[in-house]
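Colleague: Start from the sequences, fold in the hints, and give me the full structure.
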Amino acid sequence: MEYKTTKSITPVMAKTFFEELNSNHVTGVAYKNINLKKAALAYFANIGNATIAELCKQLNLSAPKVTNLLNDLIQDGLVKDYGKIESTGGRKPNLYGLVPDSAFFIGVDIKQDHLNLGLSDLQKNLVHTVEGVNFKLDNNKNSLEQLCQHINEFITALPVPREKILGIGINLSGRINYTTGFSYSFFYFDEEPLSKIIESKIGIRVFLENDSRAMAYGEFCSDSVHGEKNVLFLNLDYGIGMGVLIDGKLYYGKSGYSGEFGHIPLFDNEIICHCGKKGCLETEASGWALERMFKQKLAEGSSSLLSRRNISNADITLPDIIDAATHDDVLAIELIARIGENLGRGLAILNNIFNPELVILGGSLAATGDLIRLPIKSAINKYSLSLVNNDTRLKISRLGEKSGIIGACLLVRNKVLIG
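In case it helps, the numbering used here puts the sequence shown at residues 1 to 419.
A couple of the hints might just be wrong.
[To be verified] SDA-like, lysine to any residue: derived pairs with alpha carbons at most 20 Å apart:
| hint | residue 1 | residue 2 |
| --- | --- | --- |
| 1 | 295 | 318 |
| 2 | 136 | 189 |
| 3 | 38 | 101 |
| 4 | 229 | 253 |
| 5 | 277 | 260 |
| 6 | 201 | 137 |
| 7 | 415 | 43 |
| 8 | 80 | 64 |
| 9 | 415 | 202 |
| 10 | 201 | 161 |
| 11 | 32 | 61 |
| 12 | 57 | 45 |
| 13 | 415 | 200 |
| 14 | 164 | 203 |
[As the list claims (entries may be wrong)] Pair ranges (Cβ atoms, derived):
| hint | residue 1 | residue 2 | range |
| --- | --- | --- | --- |
| 15 | 314 | 143 | 20 to 26 Å |
| 16 | 330 | 130 | 35 to 41 Å |
| 17 | 180 | 133 | 24 to 30 Å |
| 18 | 145 | 330 | 42 to 48 Å |
I should point out that these hints are in silico values taken from the structure, not numbers from a laboratory. Glycine included, every Cβ here is placed at the ideal spot set by N, Cα and C.
Modeller: Set out below in structure tokens:
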């Protein structure tokens, strides 16, 4: 008798959400399916727990289809059935929601002389941060290599597996095109986008964002904002950056370069700005300007706590001046007030244009509190229209250094889940 041999069939294992998300070859039904899963996760992340009926309405899908999606997400460990909820009649529906520690996002906020890094879970909780990592932002390849090394060291030290990290958001000052991943102010060495260069060195999806916009979004999603939808955030550091939220959404402008508040040509001076032009607001109202003014005053014979600490004029930094101001240094306080007056003139223009509900002051200079806020407020009252100004609140950031980390984590979460 002749026997026919049959080939054994090995079952094909379905890809998990993480594998599908990181695949470059998802098409057709699989592509549609992963987008539906992302939509369901985004709903849970932004709105909260929901029933199948609520998801059907939101996603415009049938109950069987939503049930299948939820079963897949439960199998992948991203969603959990939280049990029955109270109902006015009939069968009690089950409530579904995220498993917070099933996925994570990293935020990297790059400052001039240090890094702040943080890890958030799927439910927006900031679960781990490292602030003040020693780093010098220079526009060269060595600085870029050090940045990637610090990020890899941060990931290695985390108590979560690398495969659960869905994305890294990196904040960088200057002109950033968040859609293409190019930086035109720092690390613009190659034709390839900076996001892809860093991604190749770390092995996790990377998204670039302008630092001021990320900080603005972090503040907007915090307790600093109570229902306001039209918000301006000023990042007062060595330079001046701005994030604009209109109707609760970040405003990027056509090319993604909105918010260059520091380069309004407000002054008739011969000081060359870092952008190469003269008379920019930054030349008279930034951390760089404060350093220049302070050193000039000392050279002219003014006294300060810093001169008595035997710190040479050339070695004085912005943090030194801020520290002196918080210790009642008269010269530092006077010059910060002048900076505030100049900033207020610029803000008066913005108030007249945007008529915002809220203006938040952040960055290192905001750490001086009322020393800078009150001169800014006084100048706004002086130079802006009273009918416009009366409805605008001015406040200091409550998040401080964490605003950039939180904003980076939340923005990369949005990009991964919503696209």
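Colleague: Taking 20 Å as the top limit, are the C-alpha atoms of residue 201 and residue 161 close enough?
Modeller: Holds: residue 201 and residue 161 sit about 18 Å apart, inside 20 Å.
Colleague: Quick check on a hinted range of 20 to 26 Å for residue 314 and residue 143, using CB atoms only.
Modeller: Since residue 314 and residue 143 have Cβ atoms about 22 Å apart, the given range 20 to 26 Å holds.
Colleague: For the pair supplied as a hint, residue 136 and residue 189, confirm whether the alpha-carbon distance does not exceed 20 Å.
Modeller: holds (18 Å)
Colleague: Is it true that the CA of residue 38 sits at most 20 Å from the CA of residue 101?
Modeller: This hinted pair holds, its Cα atoms lying about 17 Å apart.
Colleague: Checking one constraint from the list: CA of residue 229 to CA of residue 253, max 20 Å. Satisfied?
Modeller: Holds, at about 18 Å.
Colleague: Would you check the hint for residue 80 and residue 64, treating anything up to 20 Å between C-alpha atoms as holding?
Modeller: holds (17 Å)
Colleague: If you draw a straight line from the CA of residue 32 to the CA of residue 61, is it 20 Å or shorter?
Modeller: holds (13 Å)
Colleague: Given the proposed pairing of residue 57 with residue 45, does the C-alpha separation stay at or below 20 Å?
Modeller: holds (17 Å)
Colleague: Residue 201 and residue 137 were given as a pair; does the straight-line alpha-carbon distance stay at or below 20 Å?
Modeller: holds (18 Å)
Colleague: Is residue 164 within 20 Å of residue 203, Cα to Cα?
Modeller: holds (12 Å)
Colleague: Going straight from one Cα to the other, do residue 415 and residue 200 come out at no more than 20 Å?
Modeller: Between residue 415 and residue 200 the Cα gap is close to 19 Å, so the pair holds against 20 Å.
Colleague: Could one say that the CB atoms of residue 145 and residue 330 fall in the range 42 to 48 Å?
Modeller: With a Cβ separation near 43 Å, residue 145 and residue 330 satisfy 42 to 48 Å, so the hint holds.
Of the numbered hints given earlier, the model fails none.
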